[in-house]
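Residues per chain are reported as follows:
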Amino acid sequence: MGTKRHFRVWRGDEAGGEIQDYDVEVNEGEVVLDIIHRLQATQTPDLACRWNCKAGKCGSCSVEINGKPRLGCMTRMSTFDEDETVTITPLRTFPVIRDLVTDVSFNYEKARETPAFAPPPGVAPGEYRMQQIDVERSQEFRKCIECFLCQNTCHVVRDHDDNKAAFSGPRYFIRAAELDMHPLDDRTDRKEYAQAHQGMGLCNITKCCTEVCPEHIKITDNAIIPMKERVVDRRYDPLVWLGRKIFRRDQLESGSMGQSISTGVTGAGDATPFSSARHAETPPVREDGKMDVSEVALPIPGGPSPFGDVSFPLPTDRISYYQPESEDGPEDQHQTH
Amino acid sequence: MTTARIERHHYDVVVIGAGGAGLRAAIESRLAGKRTAIISKSLFGKAHTVMAEGGAAAAMGNVNSRDNWMVHYRDTMRGGKFLNNFRMAELHAKEAPERIWELETYGALFDRTKDGKISQRNFGGHEYPRLAHVGDRTGLELIRTLQQKIVSLQQEDFAETGNYESRIRVFSETTITELMLDGGRVAGAFGYYRESGEFLLLEAPAVILATGGVGRSYKVTSNSWEYTGDGHALALRAGATLINMEFLQFHPTGMVWPPSVKGILVTESVRGDGGVLRNSDGKRFMFDYVPDVFRKQYADTEEEADRWYNDPDNNRRPPELLPRDEVARAINSEVKAGRGTKAGGVLLDVSTRMPAETITKRLPSMYHQFKELADVDITKEPMEVGPTCHYVMGGVEVDPDTTAALGVVEGLFAAGEVSGGMHGSNRLGGNSLSDLLVFGKRAGEHAAAYADSLPKRPKVDTSDVESALRTALAPLDRQSGENPYELQQDLQAVMGDLVGIIRRAGELADALKRIQELKLRVDQVGAAGGRRYNPGWHLALDLRNMVIVSECTAKAALEREESRGGHTREDFPQMSPEWRKVNLVCALDGSADVQLERKPLPRMREELFELFDRTELAKYLTEDELAQYATPSTTAAQSKTEAK
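For the record, the sequence lines run as chains A and B. Counting from 1, one number per residue, gives the positions in the first sequence under this note's numbering. Counting from 1001, one number per residue, gives the positions in the second sequence under this note's numbering.
Hints are supplied without guarantee of correctness; some may be wrong.
Straight-line Cα separation of at most 25 Å, SDA-like style, residue types lysine to any residue; simulated pairs [as the list claims (entries may be wrong)]:
no.	chain 1	residue 1	chain 2	residue 2
1	B	Lys1114	A	Glu211
2	B	Lys1361	A	Lys68
3	A	Lys68	A	Lys164
4	A	Lys110	B	Asn1163
5	B	Lys1380	A	Arg76
6	B	Lys1371	A	Lys164
Calculated from the structure, these hints are not laboratory results.
Chain A on its own, in the form it takes in the complex:
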């Protein structure tokens, strides 16, 4: 009942290899992984390929099919033309072990370097309370099946092996975002950490990772951009910068300034310690005390602009801000690649 179709499969190991040609039977309703299994059973018993669940849930059978990073089990043969040659090659970003199997240990190393969930102190097991709407943002990222297709396709590392040391990749940006948005995570520096230690600055938002994600996680829009924006908010906000210029941090924390004696008209400010540091602003909340999930409804990703309805870049004659030249300027060079 099947028809013979033409396949090209990369065979070899770290010493080198080549694409080899095979004619394999294809039946109705099959996926590329079925074909690899038939190859193993009939022609090439030692063809190396990873797989586990064959249901798009474990993320093991990541390969490149006609040059596109894909899961073998999620690529239906019916998506190709009858006479189309299907070429299967290993993930290019990671070193080849044998045939279609690559050494993905890079990802496990990066996982170890990403700080783990910090449980809220004093909350006993069984006492965790979270609202569904608050966990849903993180849950999107926890759908990740760790197929590493995003890591493979990210051109920060795909074509630049030397970036690997400083760059964790999209998989671990969504991990950072997941923890950042976790309602009970006790760490507050996830964004800054991602910027400073995970190399998030190297990402220039080309959305390739989102495109290949088999779980359709909006990696760029829902994780990377919000993480970047809020880092940028703090880092490049002119007021914050000015505050840092005028009152150096060491002076602020020395406690040399006396307490305010002003009580104001309401008395609410009575004995509030004076501080020139900008107070943390609470985000705008709706009547029910929850934050508006406006991103979902907006035509543009990443939440509404704090500058109102303007489009960027602004015309140069409207900008009244000058990049400081001192040694205290922004430490982070926004590298693009």
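Starting from the structure of chain A, add chain B where the hints point.
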């Protein structure tokens, strides 16, 4: 032959298996201060646990406050047809909530109730909504959470020692082929790295088996390639015993068409949320298959069944939510009677019962999976489903409290699917995720304590290592030997056709004969190619395990002359109270053949007995057994659980 180039490692506890049970055990062993190795047959975090969809059963009472461990215990025993090890079922029901709450402290994000607690859903065989879940990807959440907890422990160790792997190390893509013994004590484990084909020896006084099940011996299965019964076979060869091997769970609703998704499960929550089963005549046939023992709890009209989804307190549940074995048998009967689809299944329909948005919201990954894998839109058309080999109830016979393997070996522990007894003759959906947490933790704890209790470490005998090495290399020495893939297909055909969901004495005897022939062929199996990442070689080694475990199943299935849970004999269609008193215990004899022994079940404690209605127990127990228990005082069993 030399053993000089074999990598040697020393650990306190070696955990074989990196699914839920293995990882939970490793966490506990590391928390007990033991140097722990985790052996993962695949990459870290890919284990079969990711496939679990429905949820983890734990009587937290978040959705219905009438739920408690006693109700859960009752449901578990009923589901297992009272063949369960009562103590395991008791520990499981009592400890499951703590194990789930603990996961939240590791970072798990379950779906929530309105008041912010963990949400719980209905599932087949559970009286109240009980399954903690995350959409329909609960297994993924569980394994990722445990994986990330292990990473966080490694980070703590790194902060302290400068080495991530100083106390807990994951050996990914590593397979254990043999356990090393020192007399009757475990001394270590021998295996190979898939990647390089190099061998390694882990010396350790305690080994925990957490290798999962045996499904790859069947033609239609939801199990991945890893499920070759490694732990079952390792235990047998080390002198441990297996129980309940005749009981295999066939998930009633695996996809049967199209082939790209054949065997893949359609989670029970499709039925819990309103999906119904129809035959090719369009009839909702499950109403014809409600067994007498369940009549009280299940609706007998479509109207009442439909009301239940919104008003479960005043209506009886739809028969689609009967325990899995009942549903599987019903589908099988319909198909055999010629009322199935062309591909040999029946239709599972949600599309006409819920708006498309509700379906995609409630069953997102189910929708996604079938859309992408098979181009089937479950919001528009019914699914074609049929029974799929899903879970083995049988496994290593263990001490319920410590999970230590019985038999003639010490230092061997087992948790999760590879252990036997907890689920009796049939497992309830949702009970496996909680099982692996509860007994995974216990295994880690007791393995660590055992390692401490030894006055001196057992020693690995060099000649054992050499012989394990020879066995492992043998298929490569037979480059032109028989093709392992063909052998596997033959074994799958024998098991699927002759030891499948409905069994007969003649076929089982035939199967045993064929398994003996297969055993001889497995001894001659060859593997072309070299040692580096060679799947043919790996399969050749796995076959040895598959064939021995299949022999256990076939032998026990022939011996047990009754039908109960995951074991249905066409020639003995009734459940027999006499057989309920007996476990069939498998052990290996000197010539590596399986020997069966009948062993009485432990007697349920008085206060657990009293949780049940005496008339209900009369359906399962013999009169002699019932007479052994004192007649309860005036309070009925039902009110007893609710009062507490």
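Each hint, compared with the structure:
Of the supplied pair hints, the one linking lysine 1114 of chain B and glutamate 211 of chain A is violated, its CA atoms being roughly 34 Å apart against a limit of 25 Å. A threshold of 25 Å between alpha carbons decides the hint, and for lysine 1361 of chain B with lysine 68 of chain A the separation of about 29 Å lies outside it, so the pair is violated. A threshold of 25 Å between alpha carbons decides the hint, and for lysine 68 of chain A with lysine 164 of chain A the separation of about 21 Å falls inside it, so the pair holds. About 15 Å separates the Cα atoms of lysine 110 of chain A and asparagine 1163 of chain B, which keeps this hinted pair within 25 Å; it holds.
Of the supplied pair hints, the one linking lysine 1380 of chain B and arginine 76 of chain A holds, its CA atoms being roughly 20 Å apart against a limit of 25 Å. With a C-alpha separation of about 35 Å, the suggested pair lysine 1371 of chain B and lysine 164 of chain A falls outside the 25 Å cut-off, and the hint is violated.
The structure shown violates the earlier hints numbered 1, 2 and 6.
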